[in-house]
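Colleague: This is what each chain is made of:
There are 2 protein chains.
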Amino acid sequence: MSVYTPAEVVEETGFSLDTLRYYEKIGLLERVERNAAGQRRFSEEDVGWLGMIRCLRDTGMPIAMLLRFAELVRGGDDTIPDRIRLLEEHDRQVQAQIANLAERQNYIHRKISYYRSVL
Amino acid sequence: MSVYTPAEVVEETGFSLDTLRYYEKIGLLERVERNAAGQRRFSEEDVGWLGMIRCLRDTGMPIAMLLRFAELVRGGDDTIPDRIRLLEEHDRQVQAQIANLAERQNYIHRKISYYRSVL
DNA sequence: CGTTGACCTGGAGTGCGCTCCAGGTGAAAG
DNA sequence: CTTTCACCTGGAGCGCACTCCAGGTCAACG
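Respectively, the protein sequence lines represent chains G and F.
For the first sequence, my numbering puts the final residue at 231, and the numbers step up evenly by one.
For the second sequence, my numbering puts the final residue at 231, and the numbers step up evenly by one.
Wrong hints could be hidden among the right ones.
Since the list can't tell identical chains apart, any single copy or any two copies may satisfy a pair.
In silico lysine to aspartate or glutamate, DMTMM-like type, Cα no more than 25 Å apart, as pairs [stated by the list, open to error]:
| hint | residue 1 | residue 2 |
| --- | --- | --- |
| 1 | K223 | E200 |
| 2 | K223 | D130 |
| 3 | K137 | E200 |
| 4 | K137 | E124 |
| 5 | K137 | D203 |
| 6 | K137 | E215 |
| 7 | K137 | D170 |
| 8 | K137 | E156 |
It should be emphasised that the hints constitute simulated quantities derived from the structure, not laboratory data.
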């Protein structure tokens, strides 16, 4: 069971130290362990959870929904069906984003082609 | 050469009236025509340009880059190569976004599968 | 002609998600 | 030992892209 210093977690997750503190403050990260001096010592589990956060944030999930998800995770195994529903819902959002981007990209391609044609 | 009232443009483009005014204020939309009473009357061209804005905004282009693009468009045909470069650059961004989303989506799918497996 | 409703302006306010700062403590390197 | 460095806290500030508001003007319908 290894333990991570703040600097290591910054390195691993790509979140800034301020962001990690912010996530803890708003309750997205459950009260992180501290050493004698009061400095954070992140667990393997914390880092894993941050990986999940990274994924969901990067796919556009708002903090508020992440908080709901975090609540569910804390709620124990009974909440697994709810977690599945939440992720499926988000998955549909992601799918829609991809589809939308692809469509817009087409428009951009057509525009570029047009510009090329008038050169 | 038809002309559009603000309400019609809101309807057509999906931008709010406030957003249209904002775009004009910051120079993203060139000074829009007015009727005798000082009310906006958008041209076909304005609406077309708003379509372009819609596309670029929805693919994540920041306002600042849109302003650069708008400058180029105003700069006349000599700027077409620059416009192509700008759009190609943006296109790469869009491509990266799509790839990133697809990868993250995989992670989400795996998580959902995992949750299903432990039910 | 009156009333309703679309529209106008300048400027302030909002929401999100961080990011920065001042002022401090403790630990580790030379 | 001392200096440097990582880290701490609470709270203020920021950047982006709108969004809202007060207080007003016109216009069009019945």
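Colleague: Would you mind marking each hint as holding or not holding in the structure?
Modeller: Hint check results:
1. K223 to E200: Result: close only across copies, 10 Å inter versus 35 Å intra.
2. K223 to D130: neither (41 Å within a copy, 27 Å between copies)
3. K137 to E200: Classified as neither; 27 Å inside a copy, 41 Å across copies.
4. K137 to E124: within (20 Å within a copy, 43 Å between copies)
5. K137 to D203: neither (27 Å within a copy, 37 Å between copies)
6. K137 to E215: So K137 and E215 fail the 25 Å test inside a copy (39 Å) and across (29 Å) alike.
7. K137 to D170: For K137 and D170, the Cα distance is within 25 Å only inside one copy (20 Å; across copies 32 Å).
8. K137 to E156: Answer is within; shortest intra-copy Cα gap is 19 Å, inter-copy 50 Å.
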